[in-house]
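Take a look at the letters that make up each chain.
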Amino acid sequence: MAKKTYDLLFKLLLIGDSGVGKTCILFRFSDDAFNTTFISTIGIDFKIKTIELRGKKIKLQIWDTAGQERFHTITTSYYRGAMGIMLVYDITNAKSFDNIAKWLRNIDEHANEDVEKMILGNKCDMEDKRVINKEKGESIALEHGIRFLETSAKANINIEQAFLELAEAILNKTPGRDPQENPESVVRPDRRNDRGTARQCCA
Amino acid sequence: MVHRIMAAYKARLLEFDALLKEETIDVGRLRDLCFSGVPDEGGRRALCWKLLLHYLPLDRTQWNDTLNKKRAQYNHFVEEMVVEPARLSKNGSGNNHVDDHPLNPNPESQWGSFFKDNEVLAQIDKDVRRLCPDIMFFQRGTQFPCEVIVNDPEVERLHRRVTHSSLTATAVTRKGLGITKLEASNRRSAQTEDYHPLPPGSEAHWEVVERILFIYAKLNPGQSYVQGMNEIIGPIYYTFANDPNIAFRENAEADCFWCFISLMGEIRDFFIRTLDDSESGIGAMMERLMSNLRHHDHQLWNRLRTQELRPQFFSFRWLTLLLSQEFDLPDVIRVWDSLFADANRFQLPDPSLHSNDGIAKRCYAAERFWLQYENSAALPSGGCPGTAQQSH
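Note that the protein sequences, when read in sequence, are chains A and B.
For the first sequence, full-length UniProt numbering assigns the number 1 to the initial residue and increments by one for each residue that follows.
For the second sequence, full-length UniProt numbering assigns the number 1 to the initial residue and increments by one for each residue that follows.
It is worth saying that the hints were derived from the structure and are not from the lab.
Straight line, CA to CA, 35 Å or less: simulated DSBU-like cross-link-like pairs of lysine-lysine:
#, chain 1, residue 1, chain 2, residue 2
1, A, Lys154, A, Lys129
2, A, Lys154, A, Lys59
3, B, Lys21, B, Lys10
4, B, Lys116, A, Lys95
5, A, Lys102, A, Lys47
6, B, Lys116, B, Lys218
7, B, Lys218, A, Lys129
8, A, Lys136, B, Lys116
9, A, Lys102, B, Lys116
10, B, Lys116, A, Lys134
11, A, Lys129, B, Lys116
12, A, Lys173, A, Lys154
13, B, Lys218, A, Lys95
14, B, Lys218, A, Lys102
15, B, Lys116, A, Lys154
16, A, Lys59, A, Lys4
17, A, Lys134, A, Lys56
18, A, Lys173, A, Lys47
Listed next, the stretches of chain A that the computed footprint assigns to chain B, with coverage defined by at least 3 CB atoms under 8 Å from CB atoms of chain B:
#, stretch
19, 38–51
20, 65–73
Glycine residues also receive a C-beta, built at the ideal position from the N, C-alpha and C atoms.
For reference, chain A alone in the conformation it holds in the complex (with noise of 0.2 Å):
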């Protein structure tokens, strides 16, 4: 038999308006690298990521989804089985800010009732054509109780963090999965001090 390779595994899913830098973010996340010009998303694609938490080898299935509206029957077909939901937009684009009502609707709808959410304001490198100020990301996620980060692929800014704080938070509700760790003794990642730092890599 095939040895297992990881101890858990995550599925995760990335949503948001097109042209936001979902791909973007998961290429930098999954590879380390960027490009400007990606190619369009259409329907959904996916990549692995092992990482290690708490001496857990954790394997991520990130799935990218396409933006626009006519992918929704095939997109939302997964939200059922995302164990944590990455909302994305784009600072300088008003439009995909103004949409994430409309994603969170669709996660309400679509998604388990438990899935971990966070919402990434990317694209925080373009100071100059920044419409959204960072304070605005911060009032929807607090208003709905969600993790956020202004995040940058280009400028790899809190990529990494986003998803290991994602991560972090699957794992912290995953107690069955793992019996010599009493749940309840899990500190939760303080999103303050997260937020410090984002400010300070945007700045």
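Based on the hints, put chain B in the right spot on chain A.
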């Protein structure tokens, strides 16, 4: 050996030339020849594709008439759907709509439709600026820009319409008592550095593709623009815009438009969400692909099934984009020679119809083609989901 290959190649060129010189072109013969690949030289491919996509009639004597008529019609579309609205937005009022203005709530308002179009345009603009990034072609200037657009300062270019539509915000911060500071600078960093618009008088190839897609969306308001259509236009436009025959190259835009219209006529249902589960939609197509696979290669079908590799992960994109995102452009073009040459090019047979006698009586070329591809294809970029990677 080299001589023999060269001689065979020359014979093949002559075969194409002889066929294409006939007064009425034998479409069966044309399909046979093209299925094995059209030679790159002499604009033969561009000509063959125009025939296979039913843009040029098989009767050669009608070619000039058809081309003149179709190109004039396309130019008329450009004038009506691109140039006139652009003048309207630049001058602040339409030629014959004196009462119209940007805040006019009337649904008939030219301004109303102008803003609505900009939403579609914004999506097209995003996608054409990431078309075939592996080659430099689409970022370069075309030899034949649309003169009225690039030379008339009164005519606003399409991509300018969408950069205009979002206002730049200026963040105001307080510094001490009563002193405010404007934080935003006017310096603009190019988001997609390579796909920048060219200066007045010239136009990049991606701008031409943007115009074709925009006009298509205007003419087909029910379907409008769907992501992926850019990938369908790309190889056709590339082939036509590189035609060594200048009379054809000069009209690459109009000819490409009509070939795209014709091709979309056959595959448009794949792009329509409401048809996903209908007989002609992408869902049924994926099902047929899988039942063909099950019939012809049960082992592979079973492997995909046990590994939970659903057809949506790979075949949705293959079928919708006609494999254009799976290979480098030159290979896509070669694959399309065979695909366009197939009389049943976008259909997959129902294997249950001929499975009883054990022999597939009708083995369509398309079926062979899709299945061969499926057998040799790499799986999606991440490997197998849901299971640990297995060694072969």
